[in-house]
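Enquirer: What follows is the residue order along each chain.
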Amino acid sequence: GQQVMQIPQYQHVQEGEDFTTYCNSSTTLSNIQWYKQRPGGHPVFLIQLVKSGEVKKQKRLTFQFGEAKKNSSLHITATQTTDVGTYFCADQGAQKLVFGQGTRLTINP
Amino acid sequence: GAGVSQSPRYKVAKRGQDVALRCDPISGHVSLFWYQQALGQGPEFLTYFQNEAQLDKSGLPSDRFFAERPEGSVSTLKIQRTQQEDSAVYLCASSLGDTQYFGPGTRLLVL
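Residue numbers (the numbering used here), protein chains in the order written: chain C, 499 to 607; chain Z, 116 to 226.
These are computed hints drawn from the structure, not numbers from a lab.
On a predicted model such as this, the values are computed, not experimentally measured, just so you know.
A couple of the hints might just be wrong.
As the list claims (entries may be wrong) - Distance ranges between label pairs, derived from CB positions:
1) C:Glu-515 with Z:Leu-154: 26 to 34 angstroms
2) C:Gln-556 with Z:Gly-131: 46 to 54 angstroms
3) C:Gln-556 with Z:Gly-212: 17 to 25 angstroms
4) C:Ser-524 with Z:Asp-171: 16 to 24 angstroms
5) C:Ala-566 with Z:Gly-212: 23 to 31 angstroms
Glycine residues also receive a C-beta, built at the ideal position from the N, C-alpha and C atoms.
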């Protein structure tokens with residue numbers, strides 16, 4: 499079935515450094531959604547990308563969808579301690595979400 | 116309510132015991148999903164309802180898992196004869212459109 503690969507699995511940065519997580523699939527993705535899960539919390543929707551080559555920004559977060567719709571990325575500029583958590587990409591096909599393994603971000607203040 | 120609620124938040128079961136997990140979706144949300152999240156992993160789809168109809172149950176790992184949503188609102192996920200590998204967080208999500216809103220989850224530990 500559909501598999502969504504996400505790298506890296508872990509990322510530790512100093513506060514103020516940038517952070518990027520990548521999402522890849524061997525097959526064409528339908529819609530990509532990004533979620534954030536704080537430690538001990540539940541996934542919270544961040545954004546949805548639908549179109550090939552789409553780029554969306556939310557303050558310090560930049561989301562991209564690849565031209566071939568087989569990859570996506572989330573980039574955070576100048577991380578803050580509030581960015582700590584696990585970031586998941588998920589392919590939305592036929593209603594259900596197929597999640598990547600997530601990238602766990604920790605930050606040294 | 117303001118969001119999706121789930122109960123119980125924590126459940127410890129002895130192997131072989133049956134458990135029932137409840138989900139109260141956001142009022143008016145047509146779609147309801149159940150996911151299983153193992154430690155350190157992403158959520159994995161179990162089943163999906165549109166109103167009271169179970170449209171996709173392809174993710175249920177075995178016939179020990181059963182879900183229902185009889186009146187198109189509250190849903191129950193039942194696991195019969197629990198096994199240790201069933202230990203996980205069970206997340207419920209509801210939606211009106213593309214965005215899924217997750218509940219806090221039920222953490223199930225099978226001893």
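Enquirer: A separate judgement is required for each hint: does it hold in the structure or not?
Expert: Now the hints, each set against the structure:
For C:Glu-515 paired with Z:Leu-154, a C-beta distance near 27 angstroms keeps the hint of 26 to 34 angstroms intact. Distance hint for C:Gln-556 and Z:Gly-131: a CB-CB separation of about 47 angstroms, consistent with the stated range 46 to 54 angstroms. Separation of C:Gln-556 from Z:Gly-212 is about 19 angstroms and conforms to the stated range, judged on CB atoms against 17 to 25 angstroms. Restraint check, C:Ser-524 to Z:Asp-171: a C-beta distance of roughly 22 angstroms satisfies the suggested window 16 to 24 angstroms.
Between C:Ala-566 and Z:Gly-212 the CB atoms are about 26 angstroms apart, so this pair conforms to the stated range of 23 to 31 angstroms.
Of the numbered hints listed earlier, not one is contradicted by the structure.
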